Amino acid sequence: MTSRETPLLARYAEGLFWMARYLERVENLARLVDVTQGFETPGREAESWFSLVRINADEEGFARRGLAPGADEVKHFYLLDQGNPTSIPANLEAARTNARTLRPLISTEMWMQLNVFHRDMTAISPEALQGDRLSRLCVRVKEGVQAHTGITEGTFFRDEGWCFYQLGRLIERADQTTRLLDIRYHLLVPQAGEERRVAELTQWFSVLRAAAGYHAFRRVAQPGFTPTDVVAFLLTDMAFPRSVALCVEQMEWLLGQLRGRYKLRGTVPALERVEELRAGLTGRPVESLVSDGLHHFLDGVQRDLIMLAAEIGTAFFRDWRPLADTAAGGQGQSQTQG
Amino acid sequence: MHLTQSDPFKNYDPGPYFCELTGPRAGDRGTGAAIRSRIATIGLDALRARATAAETDLINLGITFTVYSQATAIDRILPFDCIPRVLTAAEWRQLEAGVKQRVAALNAFLHDVYHGGKIVKDGVIPGELVFGNANYRPEMVDFPVRFGTYVHICGIDIVRDAAGDFMVLEDNARTPSGVSYVVENRHLMSRAFPDLMAGMPLRPVDDYGRRLLSAMVEIAPEGVDNPQVVLLSPGIYNSAYFEHVFLAREMGVPLVEGPDLEVADDRVWMRTTAGRRPVHTIYRRIGDDFLDPTVFRPDSMLGVPGLIGAWRKGNVTLANAVGTGVADDKAVYAYMPRIIKYYLDEDAILPNVETHICREPEGLAYTLDRLDQLVVKPVGESGGYGITIGPRASKAELDAARAALIADPANWISQPVISLSVAPTLTDQGVRPRHLDLRPFAVTGRDTWVLPGGLSRVALKEGSLVVNSSQGGGSKDTWVLDDDLATDMPQDAAPSGGEGA
Numbered sequence: 001m002t003s004r005e006t007p008l009l010a011r012y013a014e015g016l017f018w019m020a021r022y023l024e025r026v027e028n029l030a031r032l033v034d035v036t037q038g039f040e041t042p043g044r045e046a047e048s049w050f051s052l053v054r055i056n057a058d059e060e061g062f063a064r065r066g067l068a069p070g071a072d073e074v075k076h077f078y079l080l081d082q083g084n085p086t087s088i089p090a091n092l093e094a095a096r097t098n099a100r101t102l103r104p105l106i107s108t109e110m111w112m113q114l115n116v117f118h119r120d121m122t123a124i125s126p127e128a129l130q131g132d133r134l135s136r137l138c139v140r141v142k143e144g145v146q147a148h149t150g151i152t153e154g155t156f157f158r159d160e161g162w163c164f165y166q167l168g169r170l171i172e173r174a175d176q177t178t179r180l181l182d183i184r185y186h187l188l189v190p191q192a193g194e195e196r197r198v199a200e201l202t203q204w205f206s207v208l209r210a211a212a213g214y215h216a217f218r219r220v221a222q223p224g225f226t227p228t229d230v231v232a233f234l235l236t237d238m239a240f241p242r243s244v245a246l247c248v249e250q251m252e253w254l255l256g257q258l259r260g261r262y263k264l265r266g267t268v269p270a271l272e273r274v275e276e277l278r279a280g281l282t283g284r285p286v287e288s289l290v291s292d293g294l295h296h297f298l299d300g301v302q303r304d305l306i307m308l309a310a311e312i313g314t315a316f317f318r319d320w321r322p323l324a325d326t327a328a329g330g331q332g333q334s335q336t337q338g
Numbered sequence: 339m340h341l342t343q344s345d346p347f348k349n350y351d352p353g354p355y356f357c358e359l360t361g362p363r364a365g366d367r368g369t370g371a372a373i374r375s376r377i378a379t380i381g382l383d384a385l386r387a388r389a390t391a392a393e394t395d396l397i398n399l400g401i402t403f404t405v406y407s408q409a410t411a412i413d414r415i416l417p418f419d420c421i422p423r424v425l426t427a428a429e430w431r432q433l434e435a436g437v438k439q440r441v442a443a444l445n446a447f448l449h450d451v452y453h454g455g456k457i458v459k460d461g462v463i464p465g466e467l468v469f470g471n472a473n474y475r476p477e478m479v480d481f482p483v484r485f486g487t488y489v490h491i492c493g494i495d496i497v498r499d500a501a502g503d504f505m506v507l508e509d510n511a512r513t514p515s516g517v518s519y520v521v522e523n524r525h526l527m528s529r530a531f532p533d534l535m536a537g538m539p540l541r542p543v544d545d546y547g548r549r550l551l552s553a554m555v556e557i558a559p560e561g562v563d564n565p566q567v568v569l570l571s572p573g574i575y576n577s578a579y580f581e582h583v584f585l586a587r588e589m590g591v592p593l594v595e596g597p598d599l600e601v602a603d604d605r606v607w608m609r610t611t612a613g614r615r616p617v618h619t620i621y622r623r624i625g626d627d628f629l630d631p632t633v634f635r636p637d638s639m640l641g642v643p644g645l646i647g648a649w650r651k652g653n654v655t656l657a658n659a660v661g662t663g664v665a666d667d668k669a670v671y672a673y674m675p676r677i678i679k680y681y682l683d684e685d686a687i688l689p690n691v692e693t694h695i696c697r698e699p700e701g702l703a704y705t706l707d708r709l710d711q712l713v714v715k716p717v718g719e720s721g722g723y724g725i726t727i728g729p730r731a732s733k734a735e736l737d738a739a740r741a742a743l744i745a746d747p748a749n750w751i752s753q754p755v756i757s758l759s760v761a762p763t764l765t766d767q768g769v770r771p772r773h774l775d776l777r778p779f780a781v782t783g784r785d786t787w788v789l790p791g792g793l794s795r796v797a798l799k800e801g802s803l804v805v806n807s808s809q810g811g812g813s814k815d816t817w818v819l820d821d822d823l824a825t826d827m828p829q830d831a832a833p834s835g836g837e838g839a
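Each protein sequence line maps, in turn, to chains A and B.
Read in order, the letters of the first sequence are residues 1 to 338 in the numbering used here.
Read in order, the letters of the second sequence are residues 339 to 839 in the numbering used here.
In case anyone wonders, no lab produced these hints; they're calculated from the structure.
Hints are supplied without guarantee of correctness; some may be wrong.
Unchecked claim - Some chain B residues close to chain A (C-beta under 8 Å, calculated; not the full set): (1) L399; (2) T426; (3) T610; (4) S808.
If you're wondering where the values come from, they're calculated on a predicted model, not measured in any experiment.
Note that beta-carbon positions come from the ideal geometry of N, C-alpha and C, so glycine has one too.
Could you build all of it, start to finish, from the sequences and the hints given here?
Structure (structure tokens):
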């Protein structure tokens, strides 16, 4: 009696994809805030913080909120401002709204944790952004998403819905890793002497720490490693969970599952996008990516990920056309950064 | 037993009302005394702390309903009272038989009014009450439904008078809600008060989803193997959305919204990642008016264009059927004892509350003469709205009711004030009597099954008779004792000294 076919509503697939994306975004936003705090240069705090707005391509949204480009304003914009659609509370709100529509599908434990996490994070006081409390707040945000991830791993039914959930998460994760690299690019100081090089490496270590990859990198890095090795690690290492190439490989496997195990048609355009992404990452040495302009390359990866998400949407969610688009996020659920 | 505090029941006085826990009842098997002594053991402070924790659980779990007012939407829990309400096996046998009888009569009545209306021709009920009813659906005339079942899910509101006799207050034959709280209250009880429940010989309540799914499969169009059942909800903004989630989960079927479905070639399909898939039975939690914008309200965004066409072709079953509202109208309610007699040739096992129909001149005159003694209800409302309770109304309220009655008599019925039974309820003042009712839920495919117990709704305000959640009501876990369970009550059930007897 357990052989009943369980078709997945297109709306549920889309909801899972986006719930995972929003949550991954929340975690990474906390990582970015944390690393930005570490980069804060005395006397130039505003500039350090505004780079966060730039790498998220939020300049326009930031200006629309009528904020001056100062450190406190940027922190407020991302951690407290529910009216900013790219803030942590707004992303959590969107994740919870998706989870609410998914309640028939996800586990009770997933729903409950998200419900409580959302409530806690939408009640952050401005004081929690001050001084050393900011870093602790970032830890709480990360842990909230990690609790979600663990509960999902341990309780969410592994049928095709899980594939869509993972695809959303991996696309977002790959995208966020490119942004984390980019923040370094924005603050890059031109080449200088040995002392400069050490200072620069210190900043790269912060990037690695933000990505939870510092120790792993030390294990695999050659003694004479350079910043390019860090870039290569974050982009192409096949064992590091946040590397773009590993995310891409997992996406390919998931699309293969949808095609083979669940007999879904329409995966081919998405699989082609994945192949292009991989070719871009592994087709030439990282040294040449860096020398040709890393920012430009990362932009290209971000564009490819947007197109991959669009192909998945076209193939599997396109059937879902709400008559009354009242859901929070609604059509904006196709939103992309950059 | 360590009695560190005085007995919380010491000052408990149900007054002139029938008490569901302390009243003398045969067959309670010592449960009433056991509950009292266990509550005394736990103590009021601990009881309060645990009750608060239990309610926090409900909020965290999102077991809530949404209350909308002007611009705000607030998720509220249905307040949970931790002192259970107990029904003996004998009481339940009567209730169950009465509910089944009532459902059989409702279905027979609906079949008749949509197939010629013999009951009207025979003069048992006035034609205008049936055919002039806003919920009468001409689309249903001569339309066959499987097993003659129109009301697949039925909730019947039952109260108990001062003598402890059950009587029906209202039938809910459209989309009765509340069953999720029956099951969730039991879960909550066993999480938060395992020591209160231990060893109690209770009928389980967790079979509802399986029974409901079986009924939904039974009523699917004939000849469909492995029918696809779905639950159709207005979506996350509906105040009963949690219940829709609950039902979909308990049945293991998709919860769909209107735009998830489409009709092509008079068949209903749902949009999945693998393209469209056929749908055979729809348990809809959307009113008739909103089902199909091409037939009913053209402005409905909740429904599915073409759904009624597919249904009339017999390609999909709707539960409940369209047009059941003609049977649970408060004016038709007054005729239910006669309707039962007419179709089943039986007396009502559960009597009605005496009801005066204001559309009839003598009913109106009677009501206007005794407005200060009667409960006046609009026939078309639900949720406890628009009710005036005569003995408790101010002069201004009575004048307003009188004006409304005279302006549109057909919209009103009146009933005597029933001295609703009470049950011990945890309040800020301690354990106090509060009025309550009972809504058992019946599921009907080929046959009728009644979930043991039902939703006990309790008016939390002192003296209040209005139990609706929208009006500050709460709920209790409802225990039906199982006489087939031979287990005796544990030793602690023995009354301790004179106080617990």
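Quick rundown of the hints versus the structure:
no.	hint	result
1	L399	5 Å, holds
2	T426	33 Å, violated
3	T610	4 Å, holds
4	S808	21 Å, violated
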